[in-house]
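Protein chains in written order, with our numbering: chain A, 1 to 730; chain B, 1 to 233; chain C, 1 to 79; chain D, 1 to 79.
If you're looking for bench data, these hints aren't it; they were derived computationally from the structure.
Yeah, the Cβ is synthetic: ideal placement off N, Cα and C, and Gly gets one too.
Just so you know, not all the hints are guaranteed correct.
Unchecked claim - Covered stretches of chain D (in silico footprint by chain C; criterion: 3 or more residues with CB under 8 Å from a CB of chain C, positions within the stretch not fixed):
| id | stretch |
| --- | --- |
| 1 | 13 to 24 |
| 2 | 42 to 55 |
| 3 | 61 to 68 |
To be verified - Pairs of lysine-lysine residues, derived as DSBU-like cross-links and limited to a Cα-Cα distance of at most 35 Å, are as follows:
| id | chain 1 | residue 1 | chain 2 | residue 2 |
| --- | --- | --- | --- | --- |
| 4 | D | K8 | A | K211 |
| 5 | A | K300 | A | K381 |
| 6 | D | K10 | D | K49 |
| 7 | D | K52 | C | K34 |
| 8 | D | K40 | D | K8 |
| 9 | D | K10 | C | K10 |
| 10 | C | K52 | A | K211 |
| 11 | D | K52 | C | K8 |
| 12 | C | K49 | A | K211 |
| 13 | B | K160 | D | K49 |
| 14 | B | K161 | D | K40 |
| 15 | C | K52 | D | K34 |
| 16 | A | K52 | A | K381 |
| 17 | D | K52 | A | K211 |
| 18 | C | K34 | C | K49 |
| 19 | D | K34 | C | K40 |
| 20 | D | K34 | D | K49 |
| 21 | A | K324 | A | K300 |
| 22 | C | K49 | D | K8 |
| 23 | A | K300 | C | K34 |
| 24 | C | K8 | D | K49 |
| 25 | D | K52 | D | K8 |
| 26 | D | K10 | C | K49 |
| 27 | A | K52 | A | K211 |
| 28 | C | K49 | C | K10 |
| 29 | D | K52 | D | K10 |
| 30 | D | K34 | C | K34 |
| 31 | D | K34 | C | K10 |
| 32 | A | K681 | A | K706 |
| 33 | C | K40 | C | K8 |
| 34 | D | K10 | C | K34 |
| 35 | A | K618 | A | K681 |
| 36 | C | K52 | C | K8 |
| 37 | C | K8 | C | K34 |
| 38 | D | K40 | C | K40 |
| 39 | C | K49 | D | K49 |
| 40 | A | K300 | A | K211 |
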Amino acid sequence: MKWDAPATVQLAVEHGLSREEYQVILAQLGRTPNLTELGIFAALWSEHCSYKSSRVHLRRFPTSGPHVVQGPGENAGVVEIGAGWVTIFKMESHNHPSFIEPYQGAATGVGGILRDIFTMGARPIMLLDSLRFGALDAPRMTYLVDGVVRGIGDYGNCVGVPTVGGEIDFHPSYNGNILVNAMCVGVARADTVFYGRASGPGNRIIYLGSKTGRDGIHGATMASGVFDEAAAEKRPTVQVGDPFTEKVLIECCLELMTGGLVVGIQDMGAAGLTSSTFEMASRAGCGLTLDLSRVPAREKGMTPYELMLSESQERMVLVTEPDKVAAVLEVCGRWGLDAVEVGTVTAEPEVVATFEGREAFRLPVASLVDDAPRYERPWLKPVAAAAETLPNLHSRDWGTDLRAMLSSPPFASARPVFEQFDQSVGASTVVEPGADAALVLVPGTSIGIAATTDCNALACGLDPENGAAQAVAEAVRNLACVGAEPVGVTDCLNFGSPENPRVMGQFVAAVEGIAETCRAFEVPVVSGNVSFYNETSGNAILPTPTVGMVGVVPEVRHRPRSTWSEGEVVYLLGPAEGELGGSRFLQIVLGLEAGPVPPVSYESERRASAAVRGLVRKGLVAAKDISDGGLAVAAVEMSSGGVGCELAFPDGVSPARALFGEWQGAFLLAVAAGDEPEVVKACAGLPLIRLGVAGGENVTVMVEGKMLLDEPVGELQRLRERVLGWLSEA
Amino acid sequence: MRQRGRPRVAVVIFPGSNCDRDALAAVEAVGGEAVPVWHAGHDLAGCSAVILPGGFSYGDYLRAGAMAVHSPVMAAVRRHAEQGKPVLGICNGFQMLLEMGLLPGAMLMNRTLRFICRDVHLRVERDDLPLLAHLRRGQVLRLPIAHKEGNWFASPGVVKKVENAGAVALRYCTPSGELDVAANPNGALNAIAGLVNGAGNVLGLMPHPERRVRSLLGGEDGAAILRGVVEAA
Amino acid sequence: MQVEVRVKLKQQVLDPQGEAIRRVLAGLGYAEVKQVRVGKLMLLEVAGKEEKAVRARVEEACREVLSNPIIEEFEVRIP
Amino acid sequence: MQVEVRVKLKQQVLDPQGEAIRRVLAGLGYAEVKQVRVGKLMLLEVAGKEEKAVRARVEEACREVLSNPIIEEFEVRIP
Ligand SMILES: Nc1ncnc2c1ncn2[C@@H]1O[C@H](COP(=O)(O)OP(=O)(O)O)[C@@H](O)[C@H]1O
Ligand SMILES: [Mg+2]
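Chain A on its own, in the form it takes in the complex (with noise of 0.2 Å):
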């Protein structure tokens, strides 16, 4: 069919769009469009590009504050971070293309959240991601999460951009749609921040980097579609990664952007050239022409159709001015990158195509962008999942049961992944991947940028709100362990589809959750992105709302410890039982994925952070916050240098709510002797209790002098490495 063909209403529904959408399209145009329009129509329009089932909700987030220079609505979101400093950040999705081809899927991902952040003139200093899996013996998963995990690493690698946390889960909710959200922190001058504007009609633009293929047309459009064999048929050709250009790319463009050539920016991410130029314009309230012929392309007889809504990898479009175009063509050349005038900004709010010398196609930028349609989706009230009666609890073997728990995918240590990622190229990484949260200083200065990933995807099943409203608080626990104080979030809401009220209230529940908790934490949610259809055949995933948070450390003295010493005495800051509800003991050791899950209980959670992360600063303390697996898996996880403990817990108190209940804001704090009395003065006011010292070969824990449990520190950690073993061999 050829590119300038009328359009019909088939053609409409095949592109994705309802058949209203199509009537609003004509109405819109007055005409009909042709078979080019349809697909720019269908891109700009498709739920990934347009977030037309969950913008009115996204309104909900608390964007603003004292320190935040641009919130949501930009390729990423900006924070003054002080001394003339900015951090700009963002986490995306790469789900569906990492099913079909879970290495190119992956590094492709790695790759756009990269040009997310460089676009905008920060250098990118981190990369995290957090990735969900089914069951290990489900088909193809083996096979998935080792090519994720290479795809991830060989990208961030070879770009040179460290690669320092975060999460792996697991659960057969994704056995058919695993889950790859990438997240990239970057820093930049307070005064070379860069946005993706096309303003200044006259002004040229110039398209730079790799040539177009037929890579991914119609991409936008299948990350909106549910995902089942139909999506395999209509598969374009698939995405291929090259992180030597990238790598190139960002150094080309920083290049430019100090040598003061770029007046507006942005990446070629979803929808290619399609989105890049309509959103330049739309944010410039401008308009642009374009040739076509012009942009380079990679293979023979390409048509306007694919030209505009190819997804080839590593391509940015440039407005410069006029007298600036020969300067930054000689810049690109010594970084030996394509790259080609292609257009004009113009007054007008049109986007205006020439195609061998004749009009390709003529469309205002509004209808795209701006009436891009808006829904309220009908949506379900979830019901938070309740209490369960559960099995009589005392006289347990608590060892087998931790054992259990260690051996499960959800508790594997994480480092046959992040071995496989450079952690410390840049040669600023403070805080490595196996703690909390990563702690990178900005190159340079004595300034530390921390940022964890956080979803409790098991907790946001049983109760989406509070489920969402944890992840945000864990994510401050964890900026606290290494004496960060949070800047801003940026999220990925993973969620199945928008058309089933089910799932539209667990996202909506989940966006609440998230809201009503940055508020209180006083944390601005600056730039995110929605993963709707992430279902196989009727099957939704968990709803997986991932929160990404920065923190800041004004100057870094002392380097965080996420593992206690011989000798140091251990300290539990907050209660001294957790609770059950929702907790992983109940899902793997009991079977249960029962609720009721708590709501986070801000006031305490604020004053217990603000405690550790003063101590950590100082240097006084080594601290671990409580979350999955409670008390014991985090002594563990304390252990982990090889030190084991003796513990023992008050009187009076339940083994199990002590040992493995969650959700109570609490730290494991190990401190030296000597540093006690400044410790306890810290925490004043604050329940505090001293459990016992860190020492020893085995991780015990006593109360009323019976021993609940008495375990080789060597085995429990053999037992936590040996899950995802098999990931480190050949």
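Fit chains B, C and D with the ligands to the given chain A structure using the hints.
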């Protein structure tokens, strides 16, 4: 003869280098004057020592370091080396020195066929050269590795020559300095992690000393190596 | 018997490695090299006399593991 | 014209990649595959009519960059 002021150390930047900025900063941190040198140039900007930094020059496509060695500047690097002046190749830079034949052998893919990033222990085998002046024979260093092709290989004849000539500068070892398969991360023959040439002025190593010049970043073992380069300059 | 498996990227799939090699060759004066595509060459030693049967098995292995049908195509040759 | 460059690891160089593939195949029941060696297959599109001249140039390129004589051997084929 040494000109006045801080010794000038060139750090060559290739397309795809990604440890160049780290090396520049590390040189400054140990008292040298770090000079970035673009691969397309033909001279070393009057520097008296050269560092070929780590990274993925040309994406490490084809073979790690294989394409970078054909950059114009490499003729100057070769002359510099042949005149007996100090050259340090780190990771990708080491791979380049092998591809250029300035050091013996070649790199195969790691035994695990995977990229490996972790701290390793390294036993110092030579301390009688200016480049290694700040190390002591038998000393155990702790430095990070980050590579996929660090599995050093050479024919049996060449391996014997290398050992007889005492060309091994560093070997992977246990924390207490013993050699042990488990302590050899990539399968390199004779646990070789670093080599020097016959004249002792060309040093190549897989670990990353430039990442360890501050205790805040996990240790200062790397500073000793870079100091050697700066002072030999 | 000796079996040769040739795995290539599908024609329309980007080959960054091949393109990087082409650029470097051009820089070295091999301007006449217009395109480079890099594939895998696997040389298998397979027990079995019956060529047809061996070929069938190896092709099965190619579909199952030796190639990634989403981006690659394979060819089995028995010299 | 189409030129095929085949780069193989020398016989005495061990090939962990080939060995890993063999193990996977064995695990999947392809026990008859006794050995696997992995090499590179480079397909070049070269301008030029004169086969001998083209071959000479490509062999030169192989010696200069496309292969590493310490671990690899190459072969140029013009189908
Ligand atoms: N996919 C991954 N990539 C990189 N690092 C990871 C990944 N998964 C887990 N990690 C790291 O392993 C450590 C443990 O992860 P996790 O148990 O999720 O931490 P927490 O429970 O404190 O959020 C963290 O330092 C985390 O950054
Ligand atoms: Mg934690």
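Okay, the hints, checked on the actual structure:
Counting residues of the stretch 13 to 24 of chain D whose CB falls under 8 Å from any CB of chain C gives 3; the rule of at least 3 is met. Given a C-beta distance limit of less than 8 Å, the hint that chain C covers the stretch 42 to 55 of chain D holds, as 8 residues qualify and 3 suffice. Figure legend: the stretch 61 to 68 of chain D, annotated as covered by chain C; annotation consistent (4 residues with Cβ-Cβ distances under 8 Å, at least 3 required). Distance check on the hinted pair: K8 (chain D) and K211 (chain A) sit about 31 Å apart at the alpha-carbon level, within 35 Å; holds.
A hinted pair counts as satisfied when its Cα atoms are at most 35 Å apart, and K300 (chain A) with K381 (chain A) does not qualify at roughly 52 Å. Restraint check for K10 (chain D) and K49 (chain D): the C-alpha separation of about 32 Å stays at or below 35 Å, so the hint holds. For the proposed pair K52 (chain D) and K34 (chain C), the alpha carbon gap of about 18 Å is at most 35 Å, so the pair holds. Between K40 (chain D) and K8 (chain D), the direct Cα distance comes to roughly 7 Å. Compliance with the 35 Å bound is thereby established for this hinted pair.
A threshold of 35 Å between alpha carbons decides the hint, and for K10 (chain D) with K10 (chain C) the separation of about 28 Å falls inside it, so the pair holds. As the CA atoms of K52 (chain C) and K211 (chain A) are separated by approximately 43 Å, the hinted pair breaks the 35 Å bound. Taking the CA atoms of K52 (chain D) and K8 (chain C), the gap is about 26 Å. The hint holds against a cut of 35 Å. A distance of roughly 48 Å separates the Cα atoms of K49 (chain C) and K211 (chain A); the hinted pair therefore is violated under the 35 Å criterion.
Using a Cα cut-off of 35 Å, the hinted pair K160 (chain B) and K49 (chain D) is violated, with the two alpha carbons roughly 47 Å apart. The straight-line distance between the Cα atoms of K161 (chain B) and K40 (chain D) is roughly 30 Å, inside the 35 Å bound, and the hint therefore holds. At roughly 18 Å between alpha-carbon atoms, K52 (chain C) and K34 (chain D) fall within 35 Å of each other, so this suggested pair holds. With a C-alpha separation of about 20 Å, the suggested pair K52 (chain A) and K381 (chain A) falls inside the 35 Å cut-off, and the hint holds.
Distance hint between K52 (chain D) and K211 (chain A) is fulfilled; the C-alpha atoms sit about 33 Å from each other, no more than 35 Å. Among the hinted pairs, K34 (chain C) with K49 (chain C) is inconsistent with the structure: their alpha-carbon atoms are about 41 Å apart, more than 35 Å. With a C-alpha separation of about 19 Å, the suggested pair K34 (chain D) and K40 (chain C) falls inside the 35 Å cut-off, and the hint holds. Taking the CA atoms of K34 (chain D) and K49 (chain D), the gap is about 41 Å. The hint is violated against a cut of 35 Å.
Of the supplied pair hints, the one linking K324 (chain A) and K300 (chain A) holds, its CA atoms being roughly 31 Å apart against a limit of 35 Å. This hinted pair checks out: K49 (chain C) and K8 (chain D) have alpha carbons roughly 25 Å apart, not beyond 35 Å. Taken as a hint, the K300 (chain A) and K34 (chain C) pair is honoured in the structure, with Cα atoms around 15 Å apart against an allowance of 35 Å. For the proposed pair K8 (chain C) and K49 (chain D), the alpha carbon gap of about 25 Å is at most 35 Å, so the pair holds.
The suggested pairing of K52 (chain D) with K8 (chain D) holds, with an alpha-carbon distance near 23 Å, which does not exceed 35 Å. Straight-line distance between C-alpha atoms of K10 (chain D) and K49 (chain C) comes to about 27 Å, which keeps the hinted pair within the 35 Å bound. With a C-alpha separation of about 31 Å, the suggested pair K52 (chain A) and K211 (chain A) falls inside the 35 Å cut-off, and the hint holds. Among the hinted pairs, K49 (chain C) with K10 (chain C) is consistent with the structure: their alpha-carbon atoms are about 32 Å apart, no more than 35 Å.
With a CA separation close to 26 Å, the supplied pair K52 (chain D) and K10 (chain D) stays within the 35 Å bound. The straight-line distance between the Cα atoms of K34 (chain D) and K34 (chain C) is roughly 38 Å, outside the 35 Å bound, and the hint therefore fails. Pair hint K34 (chain D) plus K10 (chain C) holds up; C-alpha atoms about 29 Å apart against a cutoff of 35 Å. Distance restraint check for K681 (chain A) and K706 (chain A): the Cα-Cα separation of roughly 31 Å lies within the 35 Å cut-off, and the hinted pair is therefore satisfied.
Straight-line distance between C-alpha atoms of K40 (chain C) and K8 (chain C) comes to about 7 Å, which keeps the hinted pair within the 35 Å bound. For the hint pairing K10 (chain D) with K34 (chain C), the CA-to-CA distance comes to about 29 Å; that is within 35 Å, so the pair holds. Pair hint K618 (chain A) plus K681 (chain A) holds up; C-alpha atoms about 14 Å apart against a cutoff of 35 Å. For the proposed pair K52 (chain C) and K8 (chain C), the alpha carbon gap of about 23 Å is at most 35 Å, so the pair holds.
For a cut-off of 35 Å, the pair hint linking K8 (chain C) to K34 (chain C) stands: about 18 Å separates their Cα positions. Proposed proximity of K40 (chain D) and K40 (chain C) is supported: the alpha carbons are some 5 Å apart, at most 35 Å. About 41 Å separates the Cα atoms of K49 (chain C) and K49 (chain D), which puts this hinted pair outside 35 Å; it is violated. Annotation: proposed proximity of K300 (chain A) to K211 (chain A) holds, straight-line Cα distance about 12 Å (limit 35 Å).
Checked against the numbered hints listed earlier, the structure breaks hints 5, 10, 12, 13, 18, 20, 30 and 39; every other hint is satisfied.
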